[in-house]
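K.L.:
Guided by the hints, dock chains B and C onto chain A, whose structure is given.
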Amino acid sequence: MALAAGRAMLMRSGVRLGTQAAARGGNGARRFMNHRVVVEPNTVPAGLDLREMCGKNPAHYAEYWRAVQEMWLKVYLSNLVLVAAINGTSPAGGCLIALSCDYRVLADNPRYRMGLNETLLGLVVPFWFKDTLVNTIGHRASERALQLGLLFPPAEALQLGMVDQVVPEDQVQSTALSVMTQWLAIPDHVRQLTKNMIRKATADHLIKHREADIQNFINFISRDSIQKSLQVYLENLKQKKH
Amino acid sequence: MALAAGRAMLMRSGVRLGTQAAARGGNGARRFMNHRVVVEPNTVPAGLDLREMCGKNPAHYAEYWRAVQEMWLKVYLSNLVLVAAINGTSPAGGCLIALSCDYRVLADNPRYRMGLNETLLGLVVPFWFKDTLVNTIGHRASERALQLGLLFPPAEALQLGMVDQVVPEDQVQSTALSVMTQWLAIPDHVRQLTKNMIRKATADHLIKHREADIQNFINFISRDSIQKSLQVYLENLKQKKH
Amino acid sequence: MALAAGRAMLMRSGVRLGTQAAARGGNGARRFMNHRVVVEPNTVPAGLDLREMCGKNPAHYAEYWRAVQEMWLKVYLSNLVLVAAINGTSPAGGCLIALSCDYRVLADNPRYRMGLNETLLGLVVPFWFKDTLVNTIGHRASERALQLGLLFPPAEALQLGMVDQVVPEDQVQSTALSVMTQWLAIPDHVRQLTKNMIRKATADHLIKHREADIQNFINFISRDSIQKSLQVYLENLKQKKH
Numbered sequence: 006m007a008l009a010a011g012r013a014m015l016m017r018s019g020v021r022l023g024t025q026a027a028a029r030g031g032n033g034a035r036r037f038m039n040h041r042v043v044v045e046p047n048t049v050p051a052g053l054d055l056r057e058m059c060g061k062n063p064a065h066y067a068e069y070w071r072a073v074q075e076m077w078l079k080v081y082l083s084n085l086v087l088v089a090a091i092n093g094t095s096p097a098g099g100c101l102i103a104l105s106c107d108y109r110v111l112a113d114n115p116r117y118r119m120g121l122n123e124t125l126l127g128l129v130v131p132f133w134f135k136d137t138l139v140n141t142i143g144h145r146a147s148e149r150a151l152q153l154g155l156l157f158p159p160a161e162a163l164q165l166g167m168v169d170q171v172v173p174e175d176q177v178q179s180t181a182l183s184v185m186t187q188w189l190a191i192p193d194h195v196r197q198l199t200k201n202m203i204r205k206a207t208a209d210h211l212i213k214h215r216e217a218d219i220q221n222f223i224n225f226i227s228r229d230s231i232q233k234s235l236q237v238y239l240e241n242l243k244q245k246k247h
Numbered sequence: 006m007a008l009a010a011g012r013a014m015l016m017r018s019g020v021r022l023g024t025q026a027a028a029r030g031g032n033g034a035r036r037f038m039n040h041r042v043v044v045e046p047n048t049v050p051a052g053l054d055l056r057e058m059c060g061k062n063p064a065h066y067a068e069y070w071r072a073v074q075e076m077w078l079k080v081y082l083s084n085l086v087l088v089a090a091i092n093g094t095s096p097a098g099g100c101l102i103a104l105s106c107d108y109r110v111l112a113d114n115p116r117y118r119m120g121l122n123e124t125l126l127g128l129v130v131p132f133w134f135k136d137t138l139v140n141t142i143g144h145r146a147s148e149r150a151l152q153l154g155l156l157f158p159p160a161e162a163l164q165l166g167m168v169d170q171v172v173p174e175d176q177v178q179s180t181a182l183s184v185m186t187q188w189l190a191i192p193d194h195v196r197q198l199t200k201n202m203i204r205k206a207t208a209d210h211l212i213k214h215r216e217a218d219i220q221n222f223i224n225f226i227s228r229d230s231i232q233k234s235l236q237v238y239l240e241n242l243k244q245k246k247h
Numbered sequence: 006m007a008l009a010a011g012r013a014m015l016m017r018s019g020v021r022l023g024t025q026a027a028a029r030g031g032n033g034a035r036r037f038m039n040h041r042v043v044v045e046p047n048t049v050p051a052g053l054d055l056r057e058m059c060g061k062n063p064a065h066y067a068e069y070w071r072a073v074q075e076m077w078l079k080v081y082l083s084n085l086v087l088v089a090a091i092n093g094t095s096p097a098g099g100c101l102i103a104l105s106c107d108y109r110v111l112a113d114n115p116r117y118r119m120g121l122n123e124t125l126l127g128l129v130v131p132f133w134f135k136d137t138l139v140n141t142i143g144h145r146a147s148e149r150a151l152q153l154g155l156l157f158p159p160a161e162a163l164q165l166g167m168v169d170q171v172v173p174e175d176q177v178q179s180t181a182l183s184v185m186t187q188w189l190a191i192p193d194h195v196r197q198l199t200k201n202m203i204r205k206a207t208a209d210h211l212i213k214h215r216e217a218d219i220q221n222f223i224n225f226i227s228r229d230s231i232q233k234s235l236q237v238y239l240e241n242l243k244q245k246k247h
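Chains as they are written, first to last, in this note's numbering: chain A, 6 to 247; chain B, 6 to 247; chain C, 6 to 247.
To be clear, the hints were calculated from the coordinates, so they are not data collected in a lab. Please note: incorrect hints may appear among the correct ones.
Since the list gives no way to pick one copy over another, a pair counts as held whenever it fits inside one copy or between any two copies.
Derived lysine-lysine pairs resembling DSBU-like cross-links, with alpha carbons at most 35 Å apart [what the hints assert, rightly or not]:
| # | residue 1 | residue 2 |
| --- | --- | --- |
| 1 | 243 | 233 |
| 2 | 213 | 243 |
| 3 | 245 | 61 |
| 4 | 79 | 233 |
| 5 | 245 | 205 |
| 6 | 243 | 205 |
Remember, it's a predicted structure, so these values are computed and weren't measured experimentally.
Extracted from the complex, chain A is given alone in its bound form (with noise of 0.2 Å):
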C-alpha cells in the first residue's frame, strides 16, 4: 500500500507499509517526515510487525503498543491529505492504515484482499480498529466482517464502501494523484477543521481509554496460546522465504 499525502504529493508503492507525511514549517518551508511502521513484508502479515509480539517482556508490548497507538492518531487525525493507493494485500494493521485515510483507491486484483482479518491470527482486533471499521462501513457490516475475520477481495470492498474506488492496477497510482488534486482544492485550513471536527470523536475514544488498552494488549499477548500461535505463525512465514 502506498499514501498519497499531501499537500505534498508522496507515493510509494510496494507491499510495504508506510505511512509518510509531510509538514510545512511556519515559515512556509517543507519539511518532510517519513514515519515508517513496518520493514519485512513477509512478517508482518498484519500489517503491523509480529516479531514485536512475540518472546518480549511486558515492558516491551507496552512500548510497542503506545507506539502504534501514537501512529494511528497521526494518521487519523492528520492535517494533510491522505490517499492511500493500494497495490497489495492489506490485512489487519495495514487495512487499519487505509481505513485511516481519506480516500482509497485498490488495484483490481483480485489476489488483493483487504480487511481486518484478526481472529483469523487468533487476535481481537482492538476497540478503535472496530470504531474506523463501523465509521467507514457501518455497524452491521462489521459486526461480521470482524467476527469471521473476513478479506474482501476488491469488488466486494468497493461494494461494502470498504474502498472508493477500484481501478486496473497500472491506474492506481494515476488515479490517487487525481484524487488528491481534488482535494487539494479546497481551502486547506477549513479542511482540516472539518476533517477534525469529524473524527475527534473516534480519536478520543483512544485517547481516553489509551493505558487500558496498552494494558489489554499486554494481558493477551503474553498468554501462553497466543505466544505458541504467533511463533508457530512466524515459522511458517520463514520457511516460506527459504
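P.N.:
Here is chains B and C on its own, set in the frame of chain A:
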C-alpha cells in the same frame, strides 16, 4: 423463526419464537438450555405475548418487562453463534430477536414480512429495539421504518440489510447450517471476545437505563387507550382462530 | 424547497426556504404558524442569510446564531410530519433543513444539487450539521461530502440516501402529498413519541454544547479573512442580479 445456536447446531422451524442456547460446562461436556419466550403463535403477533400486557397490574408488567429485557440481553450478548432461520413473518419482538442474532437467513416468500411495526399497534418501540435496528440498517432507514411501523417483504429486507440472505423456502435451514459451519470455524474464544467488544455499548445502554425503561413500559401499557386497543386486538385474534 | 408539514398539509413551492408549522391547540382547533427563515433567494445560497454574517458585531452574530439553532431544533424535533418537496438547489443551511425533515422528494433536474458545501465558502460546518448528515448518509460518505463540500445531483443524492425519492419535476408536490398521506395514517401520538426517541440524542448534542457552538461561530465569522471572502461573495451575487 428458528434460531440455530451453536457450536452445537440447533434448528427449530415454525412460526413460534424460540431461543435455544447451548452452553458447555467447564468440563467440556455440553449442557443444553431451552428458553422459550413465546407460546401461542396466534396470540403473539408482536413476537411477545400480548396477553402479558393486558389487564394485569403494574407489578406484573414490571416483572414481565424485566424478563423481556433479560431475554434480549442473553440473546444479544450470547457467546454462542446464533443464526436466525426465518420462515414466517417476524414482527416487533420477533424481529428484534432475529436482529440480535449473528446472521439472518429469510425464506423467499413475499408473505413473510419483517420489521418493528409497534406504531401500528399503538406502541412506542423501546429505545434498545431502536438501537438494535439502527446498528443493523442505519439511522435514516430506521427513522422511517420505526415511525411507519414498516414490515418489509424479503427483497426489501435484503436490500436494507435487515437480513443477510434470502433463499428459497426449502433451503432456509440448509443455508443457516452452512453459515453456522463458517462461523464455527473461527477460534471460538476470540470470536466471543470480538462479538462482546462490538456489542457491549449497545447492551450497556439498556443496562444503564433498565429501571427507567421498565417504568416507561408500565406507564405506557397501563394507559386506558392502550389497554383498550390491545383488548380489541386480542379479541380479533381469538375470533380469527375460531 | 418546500416543506409539507402536517397533519394539516402545507405545500409551498419555489426556491425560497420556508418552514411552515401547523399546530393544534388543546381545543382541537388548528392554529397555523409560519416561520420564514430566509428571504431573498439570490442572497441565500447557503440557505441562511449571509448578510446576517457580514459586517455585524459579536452580539448580533450571537443572537443570529442562537436563532438558527432554535429554528433547527424546532424543525428537527417537530411533532409534525415534515416532507421536503425540493425543486431547486439546496446548499448548506437549505440542505440541513431538508435533512431534518421526515422525508425528502427531489425533482429530477440535474441542475438541482444538494449538499453541505460550507468548505467551498470557506466555512466549517457546525457539528450538528455534521451529526444530521451522518444520521442520513452515514459516517464515511459524510467525511468525504463535508470535506469536499460536495453538491450532489439527484441521481447521486438518491444513491447516497440524501433524498428518499427522485421524481419528475411536475410530480414533486403530488409525490410529497402522497408520502404525507402515508405518514399521517400512523397513530399520531405514538409516531411523535417514536420520532422524539430516535432524534433526542442528536438534538441533545447541540443543546448541551449550544453556548460553545455560538462562541465558535462568533470567533470564526469575525475573522478578517472570512469577512473578506463573504463580502466578495455577496458582491458577486449582487452583480449577478443586475
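K.L.:
Now tell me if each hint is right for this structure.
P.N.:
Comparing the hints with the structure gives:
1. Taking the shortest Cα distances, residue 243 and residue 233 sit within 35 Å of each other inside one copy (15 Å), while across copies they are farther apart (62 Å).
2. In this assembly of identical chains, the alpha carbons of residue 213 and residue 243 never lie at most 35 Å apart, being 38 Å within a copy and 50 Å across copies at closest.
3. In this assembly of identical chains, the alpha carbons of residue 245 and residue 61 lie at most 35 Å apart only when taken from the same copy (24 Å versus 70 Å across copies).
4. Both within a single protomer and between protomers do residue 79 and residue 233 lie at most 35 Å apart by alpha-carbon distance, with minima of 32 Å and 33 Å respectively.
5. For the identical chains of this complex, residue 245 and residue 205 are neighbours neither inside a copy (42 Å) nor across copies (40 Å), given an alpha-carbon limit of 35 Å.
6. Taking identical chains as interchangeable, the C-alpha atoms of residue 243 and residue 205 are never at most 35 Å apart, the minima being 40 Å within one chain and 38 Å between chains.
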